[in-house]
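Undergrad: Same order as they appear, the protein sequences are chains D and A. Note that UniProt numbering has the first sequence beginning at 1, numbered continuously upward. Note that UniProt numbering has the second sequence beginning at 1, numbered continuously upward.
No lab work stands behind these hints, which were simulated from the structure alone. Some hints could be false.
To give a feel for the contact side, a few chain D residues facing chain A, derived at Cβ under 7 Å [as the list claims (entries may be wrong)]:
no. : residue
1   : Met63
2   : Leu66
3   : Tyr77
4   : Phe81
5   : Thr195
6   : Tyr202
7   : Ala207
8   : Val208
9   : Tyr209
10  : Ala213
Ideal Cβ positions, reconstructed from N, Cα and C, are used throughout, including at glycine.
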Amino acid sequence: MDLSLLAFGSGWGDALARGLLVTLALAAASVVLGTALGLGGALVATSRRRTAARLVGGYEVVMRSLPELLVIFAVYYGFSFALQALLAPFGVDGFVAIDAFWAGVLAIGMVHGAYCSEVFRGAFAAVPAGPLEAAAALGLRPLPTFVTVKLPLALRFALPGLMNLVVVTLKATPLVAAVGLEDLLRVAGDAGKNTKHYLTFYLAALAVYLVLAAAIWLVEGRIERRASKFLGA
Amino acid sequence: MPDLVAGLGPYLPLLLEGARTTLLLFVLTLPIGFLIALPFAFARNARNRALRGLGHGFVLFFRGAPLLVVLFLVYYGLPQVPGIRQSVLWFLLRDPFTVAVIALSLNSAGFQTHIIAGALRNVPANEVEAARAAGFSRPQVFRFIVAPHAVRLGIRSFGNEAVFVLKGTAVVSFITVRDLMGAANQVYFRTFELVPPLVFAALVYLAAVFAVSRFVRLVEWHATPQLRRAR
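Same shape as in the complex, but just chain D (with noise of 0.2 Å):
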């Protein structure tokens, strides 16, 4: 193994750090935005609206049922197709492409979204009925209620899950390569096809994902212990 290929000027550490960096925005967009979507889902699944609560429970089905891949190609491709035909009439022919990035973030965010909102309900459950009865007594209505008391303390329930959930999403991003973005694992095949060094470039991508996961992992147990103080447990 030679490792002054990774080098950064002479070797491929540039390209590298750059695909690199392409893998950190994409995760974090698409953790962002999962989570968002995750509560959103949550709060209309636990809501009365019956019809409206099934059509999310279906949507999380569905996403957590279907390959990541598969939900990648639909949105990248689905939406050049519906770009082409809004386009047709002003006489643009041809392929339009969207950008891969911010597809796979809107794809990969979708799943999120999916593991997101189960985790988010399973946490509202898991608030006790106790600090809810004591803002009602105290009158305070139900949006100061839910922002100041319900929230915060589902958030400590739901960390260890959401945390979990992010080293998942941070290892589909390689997938997005699929619809051409370069990203860290994509830099890395092409440096192992250009040098003919495929074990040297993978193995240097592995051990990039590997301390990004045990980064998260090690905030994970940080925060569950702060947490926990506040619990009580």
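Given the coordinates of chain D, assemble chain A onto it according to the supplied hints.
TA: Structure of chain A alone, referenced to chain D:
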């Protein structure tokens, strides 16, 4: 549905062949992963610290490594390990399908180790003590007390893992194995019709997941006497 099938017309055999490959990967990966996971699960629960560390490390590795990285490492990386082309393993690594089964099984073994070890650990100790006091031998305790209870505890997580394995098989199209996802993609590139092949693939995946969850519920019902009595 009839429209969909008609739209696919000449490409239906290609898709069905892909679906067959996907299901084959699934039914091979899950049991092979289980067989790899068993020793690691026992190591994870062992009294020996080094063994416990080994089991834990195995789980953490696959929980942290993207499946695609594992797949590429086995497919592109392993043949570059010095000496491997001369070894007996080489005939396994030449065929993309076998590589896919190896990578998927190893990855699933990591998660199954976690599930099996957790289920075995959570069987109440007093049940084991009671059985020992009643004169059960150690193998008998495992066969009649620990194993059935562990199945009851782990079956749901195992079902979730089965769904992950099924979804995970879609990555094999990256190494030229033509599974359902790859076939759907190919139909799209030949016909420039997006919806029919993707919907066909999605329906097959959904049906397979539905079948898996039904099967898991059946096993759970059989493994849990109190569920049966409640009816």
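Undergrad: Each hint should be assessed against the structure and marked as holding or not.
TA: These are the hints, each one checked on the structure:
The interface hint given for D:Met63 is violated, since its Cβ lies 10 Å from the closest Cβ of chain A, which is over the 7 Å cut-off. Restraint check, D:Leu66 versus chain A: the minimum CB separation of about 5 Å is within 7 Å; hint holds. A least Cβ separation of about 5 Å between D:Tyr77 and chain A falls short of the 7 Å threshold, and the interface hint therefore holds. Taking 7 Å as the C-beta contact cut-off toward chain A, the hint placing D:Phe81 at the interface holds, the least distance being around 6 Å.
With a least beta-carbon distance of about 11 Å to chain A, the hint placing D:Thr195 at the interface is violated under the 7 Å criterion. A cut of 7 Å between beta carbons decides the hint on D:Tyr202: the least distance to chain A is about 5 Å, and the hint holds. Interface restraint check for D:Ala207: the shortest CB-CB distance to chain A comes to about 10 Å, outside 7 Å, so the restraint is violated. With its C-beta approaching chain A no nearer than about 9 Å, D:Val208 sits outside the 7 Å limit, and its interface hint is violated.
A hinted interface residue such as D:Tyr209 counts as satisfied when its beta carbon comes closer than 7 Å to some beta carbon of chain A; here the least separation is about 6 Å, so the hint holds. The interface hint given for D:Ala213 is met, as the beta carbon of that residue sits about 3 Å from the closest beta carbon of chain A, less than 7 Å.
Checked against the numbered hints above, the structure violates hints 1, 5, 7, 8; every other hint is satisfied.
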